[in-house]
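Chemist: These protein sequence lines are chains A and B, in that order.
In terms of full-length UniProt numbering, the first sequence opens at residue 1 and continues consecutively.
In terms of full-length UniProt numbering, the second sequence opens at residue 1 and continues consecutively.
Hint data in this document are derived by calculation from the structure and do not stem from the laboratory.
Fair warning: there could be bad hints in the mix.
Identical copies look the same in the list; a pair holds intra-copy or inter-copy alike.
Quick list of in silico lysine to aspartate or glutamate cross-link-like pairs, DMTMM-like style, CA-CA up to 20 Å [stated by the list, open to error]: (1) Lys214 - Glu203; (2) Lys248 - Asp3; (3) Lys291 - Glu44; (4) Lys291 - Asp15; (5) Lys248 - Asp419; (6) Lys214 - Glu131; (7) Lys248 - Glu203; (8) Lys67 - Glu89.
Computed from a prediction, not measured in an experiment: that's the story for all the values here.
There are 2 protein chains.
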Amino acid sequence: MTDPEIQDIQTYMTDLGGRARAASRRLARASTAAKNAALLAIAERLDAERAAIAAANRHDLEAGAAKGLDAALLDRLELTPGRIDAMIEGVRQVAALPDPVGAITDLDYRPSGIQVGRMRVPLGVVGIIYESRPNVTADAAALCLKSGNATVLRGGSEAFASNQAIARCIQAGLASAGLPEDGVQVVATTDRAAVGAMITMPESIDVIIPRGGKGLIERISREARVPVIKHLDGICHVYIDEHADLDKAFAIAMNAKTQRYGTCNTMETLLVDAPVAAAILPRLGAAYREKGVELRGCPQTRELIADAIPATDEDWDTEYLAPILSIRVVEGLDAAMDHIARHGSAHTDAIVTEDYSRARRFLREVDSSSVMVNASTRFADGFEYGLGAEIGISTDKFHARGPVGLEGLTSVKFVVLGDGEVRG
Amino acid sequence: MTDPEIQDIQTYMTDLGGRARAASRRLARASTAAKNAALLAIAERLDAERAAIAAANRHDLEAGAAKGLDAALLDRLELTPGRIDAMIEGVRQVAALPDPVGAITDLDYRPSGIQVGRMRVPLGVVGIIYESRPNVTADAAALCLKSGNATVLRGGSEAFASNQAIARCIQAGLASAGLPEDGVQVVATTDRAAVGAMITMPESIDVIIPRGGKGLIERISREARVPVIKHLDGICHVYIDEHADLDKAFAIAMNAKTQRYGTCNTMETLLVDAPVAAAILPRLGAAYREKGVELRGCPQTRELIADAIPATDEDWDTEYLAPILSIRVVEGLDAAMDHIARHGSAHTDAIVTEDYSRARRFLREVDSSSVMVNASTRFADGFEYGLGAEIGISTDKFHARGPVGLEGLTSVKFVVLGDGEVRG
């Protein structure tokens, strides 16, 4: 679909990008009060326009069903009244978060007499490319607005009408607070050329955040001419060490796998130190069986859990996002960390141990965005970490790593306060 | 030139990258003591091998002269005894800097009972592509080593022998401290294909830092498949506000232009608020004339400085790196900030004013890596800011901005300490 007023995609995107850049300058200097007023006005408008949003969403759902979209995709696309509530509440919560922009830290005097500090500043224009869930439109716009950035949003074609309906509420909210409507723009075409344009306009868009399947993210990363904050796999591990408290190990291994199956911070591989394998694996095997989790084990695991099927080499590299778990018995901490370095995805990995030195080594040496001692991998989340809402979890090392909240949407500049100092 | 043992550039680079990746894991967990021992051993070895380094450098200089390199390039290439001293002293200074790796900040308890903090970690493998100055080999290797990163260095073809001689000292120093020699590798070929390989090996190199001319940096940024920390132009401004202390304004405007002409933080354009133009410009004009600075002015400037030549539109966008200054009279703070937004390069910009609200607006609204009040732009420098040595000044917003020291060569990961907590 394409707004009938759009004649040429490249011209449209260049114009849209230029307006985003202009709006970003105004948003960067907007007061906290104005940004919060806009967020609350957006929440109110979304509430007032529930019927229009639901109607647009029904239109998308019917078109999707007619196109033969599968049930899981239609479910992600649907805006139930409860999901609209959650979307509105999410925007209100962002209004309540502290404003990171303009904060100055480390303002220290230098021997020359100048005072040097760092001020937190917006990134500029954030481009977000996402798939079916239309609530991302409001979530992402709210986080970018609070952090002083302009946003260009490009949602999935199946959610076109829903996203446009939400966008109208956002722009009305911005206008009512005296902020530029161009501060949040939703691309009004599903033509793929619009994505190609978005990721190659460094003069208009400073960073791209893709959200969706691995194929989308890999393609965007490969072709982008601007920085990308991305999340690829979540192949998360729990390692139960010889010196683990086995009750903690049991609770963590169960929670990390079974609390939710489809999330990126769910454990996909359990590593067990050989000396405690016999003491913990039969108990865990029975509990997983009760939850209906399919187990795939190394030979030693299968001696202790009779109904585990053999794990193949591919299993160690697989993010199941399903009630399936691979289990491997390893010989000590180094073997566990080697396995994680070779097969992990640098997302979230945990050790269960009461041994101080092993905990300390695991924290230092495992190179993942979240590294945990005696806690469930499911805690890797912006809310649980106290960041407020998150725009995603970065598995990159550059700029932002782990859950990305308001701070990840900002940069810092140096500020220098002097009294006429010159350099000698 | 190419080491005769190299058969195929792509195979050579892939192998070199793989060894850098392996070494980076060992360097990431190396102790501060081991890294400092290696740095001091490198300094000693450079000192002991002065004759060999000087001989290699003479070889490069003779080859360069025979090829007809210009005098400025030959000067940058030369390693005088004083420059070798400075290179050795630079390595010792990096040993004395605090180690950023492993530092944990903000370790706070969350309502769930877990404690969440951030640990500073190396980026991994840093690729550095540079031109004639061979001292960069030692400077960059030292900063990357201290920050726990492996390094792949690719210097200019004209400095090939000098760089290889320095590299041998670095590798001997690493080995003597029990650290992997592959932690610092200097590419042993001047074939351009090696650069193409370096910037497209995300599996082996995590970030590229190009140092050199604008053409080199633009080409690398365009073609790289990994993040680039880069510095393009330094078109720096000083704005003398209506409410400036004119003695401070005079001192800053003179220092920012004339203390050194060829540095990126040198002022290239002076903006003067109309109400004080007549009071300050004739005095500045006379002083610049005495220093031999060519002045290019707007019409109002030329009414006050008779010998200023007319500035063209191109002047406002030019980094002279020379005793040339463009001067423009503007109508107030907003006009000054508009000029900087339109023509600046987001490097370093300063206001001279005694007006509190204008200083505060300038600090917040000017979007440059360093923003100053009543101080010379020449202070934009890692040493002056207290970062220790710098690997460059980033004009990007992403990841690192402004002078990049040890911290800019690191990332952070989340660490979670629990006592068996699970997510509810």
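Chemist: Under the constraints set out in the numbered hints, which ones does this structure not fulfil?
Modeler: 2, 3, 4, 7, 8
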